[in-house]
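Engineer: The chain contents come next:
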Amino acid sequence: MTDPLSTPADALKSRTQAALRREPSETRPRVARRESVLAVAGFAAALGVFAAVGGFRDLGAPRPPQLIAITLVGTIVLAIGSFRTSARRAGLPASREALLAVLLGAPLALFAWKTSWSAAFDANIWWPTRPGLLCLAVSLTTGGVILASLLAARRHSDPVHPHLSGAALGVASGAAAAVFVDLWCPVGHPAHVALGHALPMLLLGLAGAWPGGRLLALGVAKTLRKDRNPAAD
Amino acid sequence: MARYAAGDDTAFSELYDEVAPRVLAFLLRKTRDRERAEDLMQQTFLQIHRARGRFIPGSPVMPWAIAIARRLTIDEQRRAGRTARWFADELPDVPDPLAPCGYHQVSASQVAGRLDAELARLPATQRQAFELMRLDGLTLEEAALASGTTVSAIKSRSHRAYETLRGALGAVLGRS
Chain U
0 MTDPLSTPAD
10 ALKSRTQAAL
20 RREPSETRPR
30 VARRESVLAV
40 AGFAAALGVF
50 AAVGGFRDLG
60 APRPPQLIAI
70 TLVGTIVLAI
80 GSFRTSARRA
90 GLPASREALL
100 AVLLGAPLAL
110 FAWKTSWSAA
120 FDANIWWPTR
130 PGLLCLAVSL
140 TTGGVILASL
150 LAARRHSDPV
160 HPHLSGAALG
170 VASGAAAAVF
180 VDLWCPVGHP
190 AHVALGHALP
200 MLLLGLAGAW
210 PGGRLLALGV
220 AKTLRKDRNP
230 AAD
Chain G
0 MARYAAGDDT
10 AFSELYDEVA
20 PRVLAFLLRK
30 TRDRERAEDL
40 MQQTFLQIHR
50 ARGRFIPGSP
60 VMPWAIAIAR
70 RLTIDEQRRA
80 GRTARWFADE
90 LPDVPDPLAP
100 CGYHQVSASQ
110 VAGRLDAELA
120 RLPATQRQAF
130 ELMRLDGLTL
140 EEAALASGTT
150 VSAIKSRSHR
160 AYETLRGALG
170 AVLGRS
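Residue numbers (numbering that gives the first Met the number 0), protein chains in the order written: chain U, 0 to 232; chain G, 0 to 175.
Worth double-checking, as some hints may not be accurate.
Claimed, not checked - Coverage of chain U stretches by chain G, computed from C-beta distances (three or more under 8 angstroms per stretch; other residues unrestricted):
#: 1; stretch: 11-21
#: 2; stretch: 28-34
#: 3; stretch: 82-91
#: 4; stretch: 153-162
In case anyone wonders, no lab produced these hints; they're calculated from the structure.
Computed from a prediction, not measured in an experiment: that's the story for all the values here.
All C-beta atoms in this analysis are idealised placements derived from N, C-alpha and C, irrespective of residue type, glycine included.
Start from the sequences and build out the full structure, keeping to the hints where you can.
Structural biologist: In C-alpha cells:
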C-alpha cells in the first residue's frame, strides 16, 4: 500500500512528538465525563424551562389520557431516534444521508403523528387565541438550551460535515423539546402544530448549522505555527 | 489508539508507525508536494492528539485519520486561495498514450499519467470513493466513514468510477 516515497522520515516523527508535548489534549475518561455533564445540564435546563412556563397543563380542555400517552410516546421515540441516527459512528459523524433524514424527516414525522392522533381523538380543534406563537417560543427556548449543551459537548469532533451535523443536532434538540412542549400544550390543530411544534424543529436545525460549522469543526492547533514562525508570538 | 486515547502517551509511537505511512501517501497524492504533505501530516497528528479523548475504543483508526487529513487539506487549500487542482492541472506534460508511438508500447508512467487524467475527469464523489478504496486501501465501511456517507453509496460510486476508468483505459492497457 505504501512505497518508500511515502515513508515518513524519523526526523518528522520526532518533530511531531515534540509538537504534541506542547499541545493540550484530553483523555477519553475526561471527555466522556465532560460530555455527560454537559448533556445532563442541557436536559436539566430544558426541564427548568418547562417548569418555569407552568409544566403539564390542559388549559381547561382535558385531553384523553390515551392521546397524551400516544403523542408523548411518539415524541419520545422521535427524539431518541433523532439522537441515535445523528450519533457518531466510530468517532466520526453519521452519514450525510442519515443526517438529512433527521433534518427533513423528524419535523414531518412529528407533525403527522401529533395531528393524526389528535384527529383520531377529535382533539384537533382550532383555538383562535392560541395560533402557536407561545409554543414556538417555548420550543425554541427549550430546544435552544439542549442544542447549546450538545454543541459544547461535541466540540471539535467533526472533520467531515460539521454544518450538517450541527443542523441535525438542532432538529434532534427540537425533537427533545417537543416532548416537553407536548405535555405543556393540548392543541392539536394542524396549523398550530405546524407553527408551534414542527417549525421550531426546522428553525433549530437552521440555528444549529452555523454554530455547528464553527464549533464542531476541527480546531486550529497553534503549535505548528509557532514552530514555523517563532517571531509570531 | 485505544491505549493512547485512555492517556498512555507511550502508545503514540506505535500509532504513528501504523498510521503515518498511509496518511502521508494520501497527502502526497493530494498535494503533490512533499513539504506541504509532511506539514499537513504533522497537523493531522496534532488533531488526532487533541481529539484522542473522542476516539471510541474498537473503532478503526484509518478512516478517522484520513477524514482529518482530508479536511486539513481542503482547509489549507481554501486558506491559501488555491483552487482545487487535484490532478490534471498540476501534471507535467504527459504524452498522449493513445498517440502513435514507436512499437505501440505504453509505458507504466504513461498509463499512470493517463489514469490521473481520467481520475480528474470523474465526479468528485466517485473520485473520492475510488481513491479511498483503491489507492488508500480502506474497506467499504472505512471509506464510508471517512467520507461521511453510507456503505451502499460508496459501493455504487466506486463501482461507477471503476467502470468509467476501465472503459477509458481499456484501450491503453490493451495496447500495452
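Engineer: Take the hints in turn and mark each one as holding or not.
Structural biologist: Hints, one by one, checked against the model:
1. Judged by the Cβ-Cβ criterion of 8 angstroms, the stretch 11-21 of chain U is covered by chain G as claimed, because 7 of its residues qualify and three suffice.
2. Given as covered by chain G, the stretch 28-34 of chain U passes the check, having 4 residues with a CB less than 8 angstroms from a CB of that chain where 3 are the minimum.
3. With 5 residues bearing a CB less than 8 angstroms from a CB of chain G, the stretch 82-91 of chain U meets the requirement of three and the coverage assertion stands.
4. With a threshold of 8 angstroms between beta carbons, the proposed coverage of the stretch 153-162 of chain U by chain G holds, since 5 of its residues qualify and at least three are required.
In terms of the numbered hints stated before, the structure departs from none.
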